[in-house]
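Participant: Model the full assembly from the supplied sequences, consistent with the hints where possible.
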Amino acid sequence: MKILVCISNVPDTTTKIRFTDGNSRFDTTGVQWVINPWDELSLTRALELKDDATTGVSSVTVAHVGSSDAEPTIRKALAIGADDAIRVNAVAADSYFVAGQLAEVVRNGSFDIILCGIESSDFNGSAVGGMMAEFLDIPSVSGVSDLKIKDGKAILTREIDGGKEIVSVPAPFVAVVQKGIAKEPRIASMRGIMTARTKSIMVVEPAGVEKLSEVEVFELPKPRAACRFIDPDNAGELISLLQNEAKVI
Amino acid sequence: MSILVYTENRDGKFRKPVFELLSYAYSLAAMMNSSVVALAAGDVSPDELEKLKLYGAGKILHVNDPLYRTFDTRAFTSLIAGVAAAEGAAVVLLTHSTTGKALAPRLAVRLKAGLASGVTGLPLSLEPFTVNRRVYSGNALARTVVSTKVRVLTLMPNSFDLAENKTDAVVGEYKPSDAPAVNTEVIEVQKQEGKVLLTEASVVVSGGRGMKSPDNWAPLTELASLLDGATACSRPVSDEGWRPHEEHTGQTGKIIAPDLYIAVGISGATQHLAGVSSSKYIVAINNDKSAPIFEAAQYGIVGDASKVLPALVDAVKAAKGK
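Protein chains in written order, with the numbering used here: chain A, 1 to 249; chain R, 1 to 322.
In short, the hints are calculated from the structure, not lab data. Cβ coordinates follow ideal geometry from the N, Cα and C atoms, glycine included. Treat the hints loosely; a few may be bogus.
Derived lysine to any residue pairs resembling SDA-like cross-links, with alpha carbons at most 20 Å apart [stated by the list, open to error]: (1) A/Lys183 / A/Asp51; (2) R/Lys280 / A/Leu220; (3) A/Lys153 / R/Lys280; (4) R/Lys59 / R/Lys175; (5) A/Lys153 / A/Ser168; (6) R/Lys149 / A/Glu216; (7) R/Lys320 / A/Lys153; (8) A/Lys183 / R/Asp239.
Computed far set for chain R versus chain A, every beta-carbon distance over 10 Å [stated by the list, open to error]: (9) Gly88; (10) Leu126; (11) Thr130; (12) Asp168; (13) Glu188.
To give an idea of the chain R side of the interface with chain A (calculated C-beta under 7 Å), a few residues [to be verified]: (14) Leu67; (15) Leu115; (16) Tyr136; (17) Asn158; (18) Val171; (19) Glu185; (20) His245; (21) Ile301.
Facilitator: Here you go:
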């Protein structure tokens, strides 16, 4: 059984978000790039499954759509333990384009389980996993917070609004993963970092997929009014402000 | 031409985000000189379906095939795409919920429609079709042009005000031409009964490490319950196992936009604010005056949670006459 983990290269979560060129482009000056947090958890779970001989998972591959600028992030995934990597050499135009490219990777690599994070922390589209599954006409399960393999069958826990469902779908399938899938992201060991240097990153040219949407301009949220402090010995005043001024309770 | 709204239900009931979505669709239909078609699937009572009329659905379609009691993303995609084609939908709308996020991307590919997810308001222009959507985990909006004739949008809950626009639509039973192929096998369902859903709550009371111990949560829970709200927590709290991870609110946890978010003992790290910054009002209670949460809050109390929370509980009881 082969697992593909799709990874996105995103600004470190503490990054101060700024834009440039008339707010049309994200300002990358001084930004640290990391594996998208949900993708990192997906990779961790994929490796845990591979470590367990009873699952029959034979390999974990990571795939990324982006320019060579993302290679340090891909190397990090290899250092954490992925066996190999595929990079589609194209600028990610929109989620439709990215999903189309990743679907092509899946077609050419005959993967059984494809893991995607529920969203990327930059574009927050929650789109690529479901789109990829539709391009491939295979099942997708969204909001996955646990993945087990028992007797060759994948058992997934998905969060539904107001609870959880434990489901199974036939492979190949896409699992769109959220928090809970792994406890903590796995950290690269020194040996992992050394061996990552010799692992292969296969670079493929993009397939012909169009984009259907485009960002014109970014806007920063309006700054909030200054905080109004209430005397802790008169906490009840807060309740009356919320009731009569903000009118939210 | 129409605007198709997929009105998801939970155990046969429509929730507030669905009525917000219909209110949004009604305003969009006015802009586009179009009308609203609502589609509901599963075991929904006639009384419940009637509620869709209140918020402007000009036509209501209901599919009650038992096969749709299992949430299979391919089967639901086929259903919605079929109705979208039959109704000549120019826009397909879903809520930015677990269900909406599972279906919208599949629908976009099936219909070859551009997708804008996490939309926060009506289009800024129709030609080209331009909407604002939430990006960088709430730290920015992206003005996005969708260049296709059919568009799929998901609307952020709590971002559009409810508006009643009663219609005299009749509910039509809809039968898809093909029976859905369901590949999802449900092994077990675990429901949280009787709780206000965090992602739908108008009021959220949230605790951080400043609560000091999981044993101190009683007044926080009581305050949430008095305000008909939900409880949430920061990441360290769920990582420590003080609260279930479903309550973790922030960039990698739940993204919420309630009317009122009360942060108790939460310092307000960037990652936490990313999950709550779309709240209408933020109240911060923290004993550290320099905590960044106060920069995001409109109301603040510098003080100890163990003293402030019981005082707030008493004040709410007094205000509500309980």
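Participant: So, for every hint listed, does it hold in this structure?
Facilitator: A quick look at each hint next to the structure:
1. A/Lys183 / A/Asp51: Holds: lysine 183 of chain A and aspartate 51 of chain A sit about 16 Å apart, inside 20 Å.
2. R/Lys280 / A/Leu220: 16 Å, holds
3. A/Lys153 / R/Lys280: 45 Å, violated
4. R/Lys59 / R/Lys175: Since the Cα atoms of lysine 59 of chain R and lysine 175 of chain R sit roughly 15 Å apart, the hinted pair holds (cutoff 20 Å).
5. A/Lys153 / A/Ser168: Holds, at roughly 7 Å.
6. R/Lys149 / A/Glu216: 18 Å, holds
7. R/Lys320 / A/Lys153: Violated: lysine 320 of chain R and lysine 153 of chain A sit about 54 Å apart, past 20 Å.
8. A/Lys183 / R/Asp239: 8 Å, holds
9. Gly88: Given a closest Cβ separation of 19 Å, the condition holds.
10. Leu126: 15 Å, holds
11. Thr130: Given that some Cβ of chain A is not farther than 10 Å from that of threonine 130 of chain R, nearest at about 7 Å, it is violated.
12. Asp168: Correct as stated: the minimum Cβ-Cβ distance to chain A is 30 Å, above 10 Å.
13. Glu188: Contrary to the label, glutamate 188 of chain R does not stay out of reach of chain A, its closest Cβ about 4 Å off (not over 10 Å).
14. Leu67: 15 Å, violated
15. Leu115: At about 6 Å, which falls below the 7 Å cut-off, the nearest Cβ of chain A leaves the hint on leucine 115 of chain R intact, so it holds.
16. Tyr136: 5 Å, holds
17. Asn158: 11 Å, violated
18. Val171: For valine 171 of chain R, the interface hint is violated, since the closest Cβ of chain A sits about 23 Å away, which is over 7 Å.
19. Glu185: It holds, given that the least Cβ distance between glutamate 185 of chain R and chain A is near 5 Å, below 7 Å.
20. His245: 5 Å, holds
21. Ile301: Holds. Min distance 5 Å.
In summary, the numbered hints that this structure violates are 3, 7, 11, 13, 14, 17 and 18.
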